[in-house]
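Undergrad: Each chain, written out:
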Amino acid sequence: MQSLIKLENVSKIFRLGEIELAVLKEINLEISSGSFVTIMGPSGSGKSTLMYLLGLLDIPSKGRILLEGSDVSKFTEDELAKFRGRKIGFVFQQFNLLPNLTALENVMLPMIFQGIDEDKRKEKALSLLNSLNLDKRINHRPSELSGGEQQRIAIARSLANDPEILIADEPTGNLDSSTGKIIMEIFEKLHSENKKTIIVVTHDPNIARYSKEVINIKDGQIVSNHLASEKVLWK
Amino acid sequence: MKGSFKEYIKIAVKNLKTRKLRSWLTIIGVIIGVFLIVSLISLSEGLKTAVLQQMRMMGKDLVMIIPGDISDLMTTLIGGVELTDDDIRTIKKTEGVDFVVPMIYKAEVMRYKNEKKTVILYGNPWKEALDVYQKDMGWTLKEGRWPIPGKEEIIVGSLVPEEIFPGLKVGTDAVIKGRRFEIVGVLNSLGSKQDDSMIALDLTIFQDITGKREGASMAFAKIKSGYSTDDVVEYIKDNLNETRKRKRGEDSTSFSVLSSEKITKIVGDIMILIEAVIFGFASIAIVVGGIGIMNTMYTSVRERVKEIGIMKAIGAKNSTINLIFLIESGIFGMIGGIGGTLLGVGLAKSIELYLQFHPLFYMKASASPGLITFSLAFSFLVGCASGFFPARSASKLKPVDALRYE
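Going down the list, the protein sequences come from chains C and Y. Positions 10 to 244 (the working numbering) are the ones given, in order, by the first sequence. Positions 1224 to 1629 (the working numbering) are the ones given, in order, by the second sequence.
Errors might be hidden in some of the hints.
[What the hints assert, rightly or not] Listed next, the in silico DSS-like pairs over lysine-lysine satisfying Cα-Cα at most 27 Å (straight line):
{"no.": "1", "chain 1": "Y", "residue 1": "Lys1435", "chain 2": "Y", "residue 2": "Lys1315"}
{"no.": "2", "chain 1": "Y", "residue 1": "Lys1283", "chain 2": "Y", "residue 2": "Lys1315"}
{"no.": "3", "chain 1": "C", "residue 1": "Lys133", "chain 2": "C", "residue 2": "Lys15"}
{"no.": "4", "chain 1": "Y", "residue 1": "Lys1416", "chain 2": "Y", "residue 2": "Lys1315"}
{"no.": "5", "chain 1": "Y", "residue 1": "Lys1400", "chain 2": "Y", "residue 2": "Lys1340"}
{"no.": "6", "chain 1": "C", "residue 1": "Lys131", "chain 2": "Y", "residue 2": "Lys1237"}
{"no.": "7", "chain 1": "C", "residue 1": "Lys96", "chain 2": "Y", "residue 2": "Lys1229"}
{"no.": "8", "chain 1": "Y", "residue 1": "Lys1336", "chain 2": "C", "residue 2": "Lys96"}
{"no.": "9", "chain 1": "Y", "residue 1": "Lys1233", "chain 2": "C", "residue 2": "Lys96"}
{"no.": "10", "chain 1": "C", "residue 1": "Lys71", "chain 2": "Y", "residue 2": "Lys1619"}
{"no.": "11", "chain 1": "Y", "residue 1": "Lys1621", "chain 2": "C", "residue 2": "Lys96"}
{"no.": "12", "chain 1": "C", "residue 1": "Lys145", "chain 2": "Y", "residue 2": "Lys1237"}
{"no.": "13", "chain 1": "Y", "residue 1": "Lys1374", "chain 2": "Y", "residue 2": "Lys1400"}
{"no.": "14", "chain 1": "Y", "residue 1": "Lys1529", "chain 2": "C", "residue 2": "Lys83"}
{"no.": "15", "chain 1": "Y", "residue 1": "Lys1572", "chain 2": "Y", "residue 2": "Lys1587"}
{"no.": "16", "chain 1": "C", "residue 1": "Lys83", "chain 2": "C", "residue 2": "Lys198"}
{"no.": "17", "chain 1": "Y", "residue 1": "Lys1237", "chain 2": "C", "residue 2": "Lys91"}
{"no.": "18", "chain 1": "Y", "residue 1": "Lys1329", "chain 2": "Y", "residue 2": "Lys1339"}
{"no.": "19", "chain 1": "Y", "residue 1": "Lys1619", "chain 2": "C", "residue 2": "Lys91"}
{"no.": "20", "chain 1": "C", "residue 1": "Lys91", "chain 2": "Y", "residue 2": "Lys1229"}
{"no.": "21", "chain 1": "C", "residue 1": "Lys145", "chain 2": "C", "residue 2": "Lys190"}
{"no.": "22", "chain 1": "Y", "residue 1": "Lys1229", "chain 2": "C", "residue 2": "Lys131"}
{"no.": "23", "chain 1": "Y", "residue 1": "Lys1340", "chain 2": "Y", "residue 2": "Lys1358"}
{"no.": "24", "chain 1": "C", "residue 1": "Lys198", "chain 2": "C", "residue 2": "Lys145"}
{"no.": "25", "chain 1": "C", "residue 1": "Lys133", "chain 2": "Y", "residue 2": "Lys1229"}
{"no.": "26", "chain 1": "Y", "residue 1": "Lys1529", "chain 2": "Y", "residue 2": "Lys1621"}
{"no.": "27", "chain 1": "Y", "residue 1": "Lys1233", "chain 2": "C", "residue 2": "Lys131"}
{"no.": "28", "chain 1": "C", "residue 1": "Lys133", "chain 2": "Y", "residue 2": "Lys1233"}
{"no.": "29", "chain 1": "C", "residue 1": "Lys15", "chain 2": "C", "residue 2": "Lys221"}
By construction, these hints were calculated from the structure, which means they are not laboratory data.
Generate the whole structure from the sequences, applying the supplied hints.
TA: See below:
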């Protein structure tokens, strides 16, 4: 499989006054197209920072990140935004839907940013919402919906521009276990049927079970990288 | 991307609607500023037009001689400085002067039927100057006829039968200082309350009943045809200087000789100055409104840090975020501008209407399309300018920091 994202000696250092805090230390990582990866680690391990770097929401302090072979640290902020908009879909623990917009408008928003025509936008958003059984909720605002519904809308939004990569940050963290299961099954299906590359960040081993590959991170370093089937670190 | 712009406007409007109270308060701030500009400018513009129109009634070949310096007009008016008969005679003898019409008035009590009121009597040399009043000073009759020189007849300003002696009629009599006068005519409005309240009678009779024989508050000199106004103005100045120095030994003489053009220019300049001052103060109000917008926008950026992060994560460029916030502040400016303009024009028009029924002076509120376009564009610009820094600070937020913000 082809390498989609490659991290070479990536460090992320935060400066807190006089103190330098290395949240990520010399990370080397390769994520290939079509894979389903879980990044696992306790809180404070640097997994969220790693996710932000993979999602082009941040740039490394040291090292290079290559997206399809090109060095993203050379991109301007607008180029990064364009890449995020087209190639990466985000799903967050807090759902992060815009509260003023309806479900349909939330799903259409990434397409507006890419300048897609209104007709196409609407058609695509409706078909995504339909496929996630949200057709009766299209005109509701996030505050009128359950957590599971909001997360499905967030998934629909992440798929709006047909990105190759989906990045999910604790996608089931705010949901009960049965709803969480539904959400993870959607990711599983997107991986197997739609051939999306999926990166899930979590501290929950039960979530990791859905993925094919698990990267354990601790104190800013990768401590193990193995196939999910090996189940090495599951306790 | 044009289609997207429309969407950004929709998003901006939704954002404003979710913060209704704050949005309206901000807009009210702008409305007040624009309202002040539009109402005050249209009123002062109307006043200017009215005053200049009145000025234009004065003929081109008429020169005005005022005692005292023009730059110190108030002292002259309040201090009662007058032109002496000597002065008048000197002006009369000056080369190029056809004749002189002195302006002479005095307050006296007039009785009409059973009502007594103090009025301003004007002494007019009908015989010499009726022509000048008609042709050069714009006096026209609304009803009745002109008085016959030497007869005890009066004509009255247009406000007299309306306000001072309501129901006063041509052909009836009035009593001043025990002498009976016939009211023979009513003038059309001359454009100022003072002029329209006058009671005009023949100069000789005026001097008889008031006992006022010396001096005039000012005088008009009619210029002979073939002479240039500017030249004659200089001749009059020279002669007056000379007479006064020789006869009274005054070292400094103080009077002003003004052609109608000069007066129009002076008044016009004063009006422009007044307008500029009004505009300056009203602009401050708009700037305050703009600061209100800026304040609201900064608060809004603060509150929406997370939202900005989300939008950036799903592909919004810095310029997009910038644009959305600018549209929001622009909308504040625009709605404020429209509201302020409507209220401003409304107030100006109601004042105009009020003055038609309760004349203090005559004016039309002039809310020109230029003024309206200007105030709309100006308020929109103020909105955008006020939103500039908040929008920039929003667009510069790093997506990671914004997403982590709680």
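Undergrad: Can you name, in rising order, the numbers of the hints this structure does not satisfy?
TA: Those not satisfied are hints 3, 4, 8, 16 and 23.
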